[in-house]
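Chemist: These protein sequence lines map, in sequence, to chains A and B.
Here the first sequence is numbered in numbering that gives the first Met the number 0, starting from 0 and rising by one per residue.
Here the second sequence is numbered in numbering that gives the first Met the number 0, starting from 0 and rising by one per residue.
Think of the hints as simulated: they come from the structure by calculation, not from any bench.
Take these hints with a grain of salt, some might be off.
[As the list claims (entries may be wrong)] Partial list, derived from the structure: chain B residues whose beta carbon lies under 10 Å from chain A:
1) Asn12
2) Leu71
3) Val104
4) Pro106
5) Ala109
6) Ile112
7) Gln151
8) Thr163
9) Ile166
10) Asn182
11) Lys186
12) Lys196
13) Ile315
14) Lys326
[As the list claims (entries may be wrong)] Computed footprint of chain B on chain A; a stretch qualifies when at least three of its residues, placed anywhere within it, have a C-beta under 8 Å from a C-beta of chain B:
15) 107-117
16) 153-164
17) 239-252
The model shown is predicted, which means the values in this text are computed figures rather than measured ones.
Ideal placement from N, C-alpha and C gives every residue a C-beta, glycine not left out.
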Amino acid sequence: MNIAVLIKQVPDTDDVKLDPETGTMIREGSGTIINPLDLNAIEEAVRIKKQLEDDCEITVLTMGPPNAQFALREALALGADKAVLLTDRKFAGADSWSTAKVLAEALKKTRRYDMILAGEKATDGETGQVGPEVAAMLSMPCATYVSEIEHNENTVVVTRTVEDGTEKQRIQFPCLITVLSALNNPSMPTLNGKMNSRRADIITLTSQDLDIKPEELGLKGSPTRVVKVTTPQKTRKTKRFSGSKIEEGILELVEEIKSSVLNQ
Amino acid sequence: MSPSVMVYTEIRNGSIHPVSYELTGKARELADKLNSEVVVVTLFNKLEEKVEEFFSYGADRVIASQDDCFKLFNQEIHTKVMSAMILQEQPQIVLAPATTGGRTVLPAVAGMIHTGLTADCTGLDIEEETGLLLQTRPAIGGNIMATIKTPQHRPQMATVRPKTFKIPEKRNASGVIETFCLNDDMKRTTIEILDYKPLEAGTENIQDKDIIVSGGKGLKRKEGFNLLKQLAGILQGGIGASRPTIEAKWIEYPHQVGLSGKVVSPKLYFAIGISGAVQHIAGMETSEIIVSVNKDPDASIFQVSDYAFCGDLYDIVPKMMEQLKEKIADPVKDKEGESHV
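Here chain A stands alone, though its shape is the one from the complex (with noise of 0.2 Å):
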């Protein structure tokens, strides 16, 4: 079996704080991660492999920066065999769609891949659109929300968790699944993968590689533009209480959930 796993790295936002006057994000000093539910992806990947007796292989991809090598290295690290960089100054500024291209043709020129899997969404841009939108450009099933992976020889069972229940459906190969966090723990890496991963070789691939119009590529190529960013100002007027001043503080509360909340 093949299986490719898509992979971004996104700011470490769990070391990330937010500025008390302004309450945006201080980047500065932050590092970068495998975005975490694509750990999960990789996980699952090396779990299957596990279950067929290495009798599979696992080839990561990502579309970045030259230094998203890390991230692939860590996900070789954890037990992928292949690491695909997409690398260009050209995919630059791209948005889900003419990401979702670039990994699409990337997926057609590596191989034929069986499974490909993806975290839901990424913690930065958390559009969760790149996953189904590289599955329909390769005209491949995609399930989404995926918390249960059972697979067979040609096809797979896996349960959504969806709002109000789970589904559970048997797709063929090839297909694209999104996945939940609640779909397994990702192990840390190994000492021993981590050194291997060190010097392991990434295939790194440009837009001359890839068969795709120039005009398709990067922020040219997305059908949608960011035409403004705004920090939206922080409207909560923060009623602080603590000590003696707690009772008086749960009075006042309760006086305006019985008002606003509960119309009493």
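Given the structure of chain A, go ahead and fit chain B onto it with the hints provided.
Modeler: Chain B only, in chain A's frame:
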């Protein structure tokens, strides 16, 4: 008349989800600014409500497709039908709910027909000079708001979370339902739907709750959630949780609030023993009233709270419950003659 504003509706278990009316109302506003019409698309097997309802919420046209293949959600069929519908109708705008369904079908449609899609919009408007759709969405955990346009590609597509817009006032309107017939190719699928299990009673979707009581690692132990359940019981609220408590297996995943869990926007949100990681805050900061209890005076959660109680939660929460029980009329007791003690 300029090309239409289309709404992809959400039908859940044979019932029209209210977000469908919210989007129909918003589509009406946009269409009025564009001198265009609202086309509502609805795919179902059986329906409790009347499809005609959409006219009273602002639809000019309603296109319905009734088929057994819509009994249980199949994203592949929905994607093909919506793509075909868009190619047939050539709308300039498509709005869809940012639910697990809409967030699966619309990106696939965008990938198929090559157009832009903006996720989780909190604001939608028409730019006067150009007539383009202005799509505003929170980015980077809600710390910035980005306004996004789709200048060249059509349709301009956006998903919107439930409860972002209000359901419009009903008005007197009627119309004829148009039928969309599926061809065999649309029904052909590589996905076999095996089973659908609704959530167990008592574990309703917290996104539908007006009041949510959430707990974090500050509870110190799994049993801490029992206290929160008591508080939630008084207010008929749902139970939420921060990621670390899920990872510690104190409570199940459907309760997780935050970027890797559910994004909620209730009238009242309690963050109890939650320090306020950016991930969590992004999942609840649009709640109307936020109450936090934490022993750390520098906890980030206080910055987004209306009421910030600094102290021991095992002291403060029981005091809150005592006051609530005393001061509010108990809806359950009134209805069923039971008390919550």
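Chemist: Could you run down the list of hints and mark each one as holding or not?
Modeler: Evaluated hints:
no., hint, in the structure
1, Asn12, "holds, 7 Å"
2, Leu71, "holds, 7 Å"
3, Val104, "holds, 8 Å"
4, Pro106, "holds, 4 Å"
5, Ala109, "holds, 6 Å"
6, Ile112, "holds, 9 Å"
7, Gln151, "holds, 7 Å"
8, Thr163, "violated, 15 Å"
9, Ile166, "violated, 17 Å"
10, Asn182, "violated, 18 Å"
11, Lys186, "violated, 14 Å"
12, Lys196, "holds, 5 Å"
13, Ile315, "holds, 6 Å"
14, Lys326, "holds, 5 Å"
15, 107-117, "violated (count 0)"
16, 153-164, "holds (count 7)"
17, 239-252, "holds (count 11)"
Comparing the model with each numbered hint stated earlier shows that hints 8, 9, 10, 11 and 15 do not hold.
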